[in-house]
Amino acid sequence: MNLLLLFISAAIVNNFVLTYFLGICPFVGVSKRVSSAVSMGLAVMFVMTITAAVTWLIYHLLLVPYQIEILEYVSFILVIASLVQLVEMFIKKVSKPLYDTLGIFLPLITTNCAILGLALFSVLREYSFIESLVFGIGAGAGFTLALVIMAGIREELELSNIPKPFRGAGITMIVAGSLALAFMGFAGLISM
Amino acid sequence: MAKKSISLSKEFLKGLWDDNPVLRMLLGLCPTLAVTNSAINGLSMGLATTFVLLSSSIIISLLRKVIPHQVRIAGYIVIIATFVTVADKFLAAYLPEISKALGPYVPLIVVNCLILGRQEAFSSKNGVGRSIIDALGMGLGFVFVLVVLGSIREILGSATLFNIQVLGDWFNPWMIMILPPGAFLTLGLLIGLGNWLNERKVKI
Chain A
887 MNLLLLFISA AIVNNFVLTY FLGICPFVGV SKRVSSAVSM GLAVMFVMTI TAAVTWLIYH
947 LLLVPYQIEI LEYVSFILVI ASLVQLVEMF IKKVSKPLYD TLGIFLPLIT TNCAILGLAL
1007 FSVLREYSFI ESLVFGIGAG AGFTLALVIM AGIREELELS NIPKPFRGAG ITMIVAGSLA
1067 LAFMGFAGLI SM
Chain B
8 MAKKSISLSK EFLKGLWDDN PVLRMLLGLC PTLAVTNSAI NGLSMGLATT FVLLSSSIII
68 SLLRKVIPHQ VRIAGYIVII ATFVTVADKF LAAYLPEISK ALGPYVPLIV VNCLILGRQE
128 AFSSKNGVGR SIIDALGMGL GFVFVLVVLG SIREILGSAT LFNIQVLGDW FNPWMIMILP
188 PGAFLTLGLL IGLGNWLNER KVKI
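Chains A and B, in that order, give the protein sequences. Positions in the first sequence are counted from 1; adding 886 to them yields our numbering. Positions in the second sequence are counted from 1; adding 7 to them yields our numbering.
Accuracy of the hints is not assured; some may be wrong.
As the list claims (entries may be wrong) - Covered by chain B, per the in silico footprint, the following chain A stretches (three or more residues, Cβ under 8 Å):
1. 893–907
2. 931–944
3. 1031–1044
4. 1050–1058
What the hints assert, rightly or not - Which bits of chain B does chain A cover? Going by a derived footprint, with three or more residues having C-beta under 8 Å, they are:
5. 31–37
6. 54–66
7. 151–164
8. 178–191
Quick caveat, the hints were computed from the structure, so don't treat them as lab data. Backbone N, C-alpha and C fix where the C-beta goes; we use that ideal spot for every residue, glycine too.
This is chain A alone, in the form it adopts within the complex (with noise of 0.2 Å):
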């Protein structure tokens, strides 16, 4: 029951991107059509859920008994390019349209706070394994769920009389700043 908590709290009311404001670059740069959202929500979920895994390994199996914790971002962050590689390498392998679609945002994954962000947070907050594990899909749902969102809203923003200085980022952050507004709402759902 505490997993589901845990999971429900990442994805709805602790949302990386409207509450954490991790990941934001991709938020803006990919959210301009739905079905490339989609893709690219998974594909960071994908990496979200191994890198929880992976981390929590390395920080508690490694980092720990060694008492070398000043490596932390410096063994994460390689931990994250080496996966994110990965995943490219796969993805251009199994769906090369995909691959074309993603385009450069694929490789900026690593540079994607919310990756690391998920990483930190479940040292900082002392998750076990299979909490860190929860913790990172439901992370990653919350962010696919904020990018669809927002890529739906845009799609009809373009057919929208929009004030010329407005357009592009301008008017994406004021959307983004109503929909934060409206998952607010959820503050008090669980109290974790």
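Following the hints, put chain B in place on chain A, whose structure we already have.
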């Protein structure tokens, strides 16, 4: 990409406005939105980022001929992560309150696209001198936006600026401004304002 003909002062100034990392290039948005609930947080985040940007620019421009092209990104990230660890431990030791307020966003400087972007686009192709100027300009441009954003949100959200009360009791603080939606709304308006000013400048 900067050409050799651009003067050093232009190199410096472009970071402040024309190529402002946040308003024009939309880099480093995560910390921009996350820590600007007060002006002091914005300032310290901006300075920490500038420190990391400057130090890693120096190292990377010195090593630009040594690092093999294929593994450059991984190399850059390790250098950046090292300096972030330095900044993080420094803040925790000397400014514990600020370190606490910024929380996990200090280690997250590692993945600030602004820093990696400048290494890839500038330091890996230019000498040390130019890289220092570029890093300082970009860093100051970043600090500038963070402080402006932090000030607006702090004044409207808690009626204070740098923890000093600036608005009288008649003002009812807009709680929303220091909560996440306020960050998005303020930044959206700022980006719009930046674009509008730029357009007018071009017309005149």
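(request) Starting from the hint list further up, note which numbers the structure goes against and sort them upward. (result) 2, 3, 6 and 7
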